[in-house]
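Asks: As a plain string of letters, each chain reads:
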Amino acid sequence: DTSLAEVNSFSPSMPVSPSSMLNQYKFEDEPELRDLFITVDDPESHITAIETFITYRVVTKTSRGEFDSSEYEVRRRYQDFLWLKSKLEEAHPTLIIPPLPEKFIMKGMVERFSDEFIETRRKALHKFLNRIADHPTLTFNEDFKIFLTAQAWELSSHKKQGPGLLSRMGQTVRAVASSVRGGVKNRPEMFTEMNNYMETFSQKINVLDKIAHRIYKEEREYFNEMKEYSPVHTLWSASEEDIADSLKGVASCIDKCCKATEKRMAGLSENLLPILHEYVLYSEILMGVLKRRDQIQGELDSKVDALANKKAEKDLFSEEIGKLEDKVECANNALKADWDRWKQNMQCDMRSTFTNVAENNLRYYEECLATWESFLASQTVDLHVEEDSEDRP
Amino acid sequence: MEDCLAKKMEITVSEAEKRTGRNAMNMQETYTAYLIETRAVESQSEGQCAPVDSLWRRYSEFELLRNYLSVTYPHIVVPPLPEKRADFVWHKLSADNMDPDFVERRRIGLENFLLRVASHPVLCQDKIFYSFLTQEGGWKEMVNETGFQLKADSRLKALNATFRVKNPDKRFTELKHYSDELQSVISHLLRVRARVADRLYGVYKVHGNYGRVFSEWSAIEKEMGDGLQSAGHHMDVYAASIDDILEEEEHYADQLKEYLFYAEALRAVCRKHELMQYDLEMAAQDLTSKKQQCEELATGTVRTFSLKGMTSKLFGQETPEQREAKIKVLEEQIQEGEEQLKSKNLESRDFVKSAWADIERFKEQKNHDLKEALISYAVMQISMCKKGIQVWTNAKECFSKM
Chain A
1 DTSLAEVNSF SPSMPVSPSS MLNQYKFEDE PELRDLFITV DDPESHITAI
51 ETFITYRVVT KTSRGEFDSS EYEVRRRYQD FLWLKSKLEE AHPTLIIPPL
101 PEKFIMKGMV ERFSDEFIET RRKALHKFLN RIADHPTLTF NEDFKIFLTA
151 QAWELSSHKK QGPGLLSRMG QTVRAVASSV RGGVKNRPEM FTEMNNYMET
201 FSQKINVLDK IAHRIYKEER EYFNEMKEYS PVHTLWSASE EDIADSLKGV
251 ASCIDKCCKA TEKRMAGLSE NLLPILHEYV LYSEILMGVL KRRDQIQGEL
301 DSKVDALANK KAEKDLFSEE IGKLEDKVEC ANNALKADWD RWKQNMQCDM
351 RSTFTNVAEN NLRYYEECLA TWESFLASQT VDLHVEEDSE DRP
Chain B
1 MEDCLAKKME ITVSEAEKRT GRNAMNMQET YTAYLIETRA VESQSEGQCA
51 PVDSLWRRYS EFELLRNYLS VTYPHIVVPP LPEKRADFVW HKLSADNMDP
101 DFVERRRIGL ENFLLRVASH PVLCQDKIFY SFLTQEGGWK EMVNETGFQL
151 KADSRLKALN ATFRVKNPDK RFTELKHYSD ELQSVISHLL RVRARVADRL
201 YGVYKVHGNY GRVFSEWSAI EKEMGDGLQS AGHHMDVYAA SIDDILEEEE
251 HYADQLKEYL FYAEALRAVC RKHELMQYDL EMAAQDLTSK KQQCEELATG
301 TVRTFSLKGM TSKLFGQETP EQREAKIKVL EEQIQEGEEQ LKSKNLESRD
351 FVKSAWADIE RFKEQKNHDL KEALISYAVM QISMCKKGIQ VWTNAKECFS
401 KM
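Sequence lines, in order, name chains A and B.
Using UniProt numbering, you'd call the opening residue of the first sequence number 1 and step up by one each time.
Using UniProt numbering, you'd call the opening residue of the second sequence number 1 and step up by one each time.
Note that these hints are calculated values from the structure, not bench results.
Think of the CB as a built atom: it goes at the ideal place given N, C-alpha and C, for glycine as much as any other residue.
Treat the hints with care, since some could be wrong.
Far from chain A, some chain B residues (derived; all Cβ distances over 12 Å) [what the hints assert, rightly or not]:
id: 1; residue: Ala194
id: 2; residue: Tyr201
id: 3; residue: Glu264
id: 4; residue: Tyr278
id: 5; residue: Asn367
id: 6; residue: Asn394
In silico DSSO-like cross-links for lysine-lysine, where the CA-CA straight-line distance does not exceed 30 Å [as the list claims (entries may be wrong)]:
id: 7; chain 1: B; residue 1: Lys272; chain 2: B; residue 2: Lys222
id: 8; chain 1: B; residue 1: Lys387; chain 2: A; residue 2: Lys123
id: 9; chain 1: A; residue 1: Lys227; chain 2: B; residue 2: Lys387
id: 10; chain 1: A; residue 1: Lys210; chain 2: B; residue 2: Lys386
id: 11; chain 1: B; residue 1: Lys344; chain 2: A; residue 2: Lys210
Put together the whole structure using the sequences plus the hints.
Replies: Here is the structure:
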């Protein structure tokens, strides 16, 4: 079965030309180039004797030949997504696997199964699958295909296959062992640069994430106080005669601005906050990818060092070393290409997200401006009317 | 209003200065003194500017002036002073009386007070007020010589006393309710406004955090660097802009505060009228009972129970001469009482007439000023929105170049 073999081998990324990269970087636009469309929706609660969990509907539409049908509808739970992610990481240790939403939200006030939480998670899961679909290599991963197409029981049985627990543990031990030895000393300059970049990027994105949350919090507190501000003016207008209209006008303006503030807040939580959060997760993922590359390098380096000490078994080692050298080269190429792709996407995401934030604020101020200007116009009309009537004898 | 002082004289409170001195208990104290400058307004044909006279006064002297005016003109809605202590503060504003921003706003408030008094048709003619503006030394003694303090004490007692008027004047009752409502609603508004200002400050200032992160991030980026860096600069501008915005809003708050305190002055006039009315009713009641007593003595019938009446029944009747004497005394008292009642009635009618004239004047002033204040608030909001649009347009341009 070739599909299983694919999973266990390392598929070097195809040499990707810059133009094809550009074509693929924005998955929302240019749908003509895509042949795989995925949506995640319809969260449903399932209650069993042991647990309660949510499943999401995953609908796939495709024109690809490898798929037996052109349309699939399956239900998946969070666990399944976690499984897919770990399989992708296993198969492509130096590719950048998109982030999954977190298991729990520790500090949030959002309950585990609140509507808000489920909706946020749904959106993130949708993005996760689409990012995989748009990735030049990951999109052809067999586990991905099975995830999208298999019925629940098929998926369970497939999950049970694959490298057993012991061999997986062996891999981990080897990885730990080689990480102790580093793989850093022979690290190509390019990857050191990437490491340095990621360290700084990770710091900055975390700070930005915090700032964005603080802005949201401040805007919400402002909104809460504003809610009280309009009614006071209405209350006052009840005691007045001459200025009652002006007071009611101010009350109405404040009320409209209050609603505009609410929209501004919503824009922030729907757009900036999720994106920054994703990139916080991405920075962790990228640090992991860089580490894994170092580990693979480390395996090679330790074998080379061993060879230097045991000249007698040169032949035996040279074949192994040859394989490891290939492995390192593939890993480096895969990472390099994926890194460039990731940077392009990141730049694009940041540009559109922050532009959106600016547009959000512009809309807010323009709405408020219009409100107050129309109030002012109504007041000065009254003043002119008053002045005219005073002039008359 | 040709006669009002404000037209004849330029009045400004131009400076404030910290002073130290010794108070009544010979303890050292720090206080602020305010410079009052006055200059006669010359007609244009003369061409030259009159010289400026100036003197220093502290807040307590302003208080003394106002107390004098309130007592001396009980039918007038006397302009209020700016607040003694900072109230309705939000976190950035200081509650400290020595804070330079508070002192500055108070200086403006004191100038406003003087201008209000100087443009009032009745108050501007007061000699004590004129001396306050022009005579540095001996002014306090002059005020005390008017003996207004005695009236002030009884007035204070009256304002705080509870008594019930049998036939209240409906207009004054309604006005008193209005002044209570006005006080309550403006206090509420000022409190909410202060909280809103606090939160708005928070929103703007937190955007200032972007600048540094963007700058540090731009250092590791090639294509995005410029866009990030310049966007960060605009975020700094945005964060800084709130200071001026809120300072302007403080002036608006001060305008509302003036009418918060005006409401108290309005209430005081209503209470004074109530007191007069009560006085009148008591005097009328007293007269009626004296007349009745007189009648009873004259006719020998006892309609009302009195201890004297009972004791005289028990211990023997009075002599006709004694009765005559009593009747004569009562008749004198009744005559006095009737004259007093007449003058009290006149006083009351005069009070009502002049009070109501001033109340109408006040109502017009209030409606005009508050409407203008609301308009100026709208203008401030418009300015704030325009600034916001400018900053975010610039930021958007920078972001789109990332």
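Asks: Among all the numbered hints in the text so far, which are the ones the structure does not match?
Replies: 1, 2, 5, 6, 7, 8, 11
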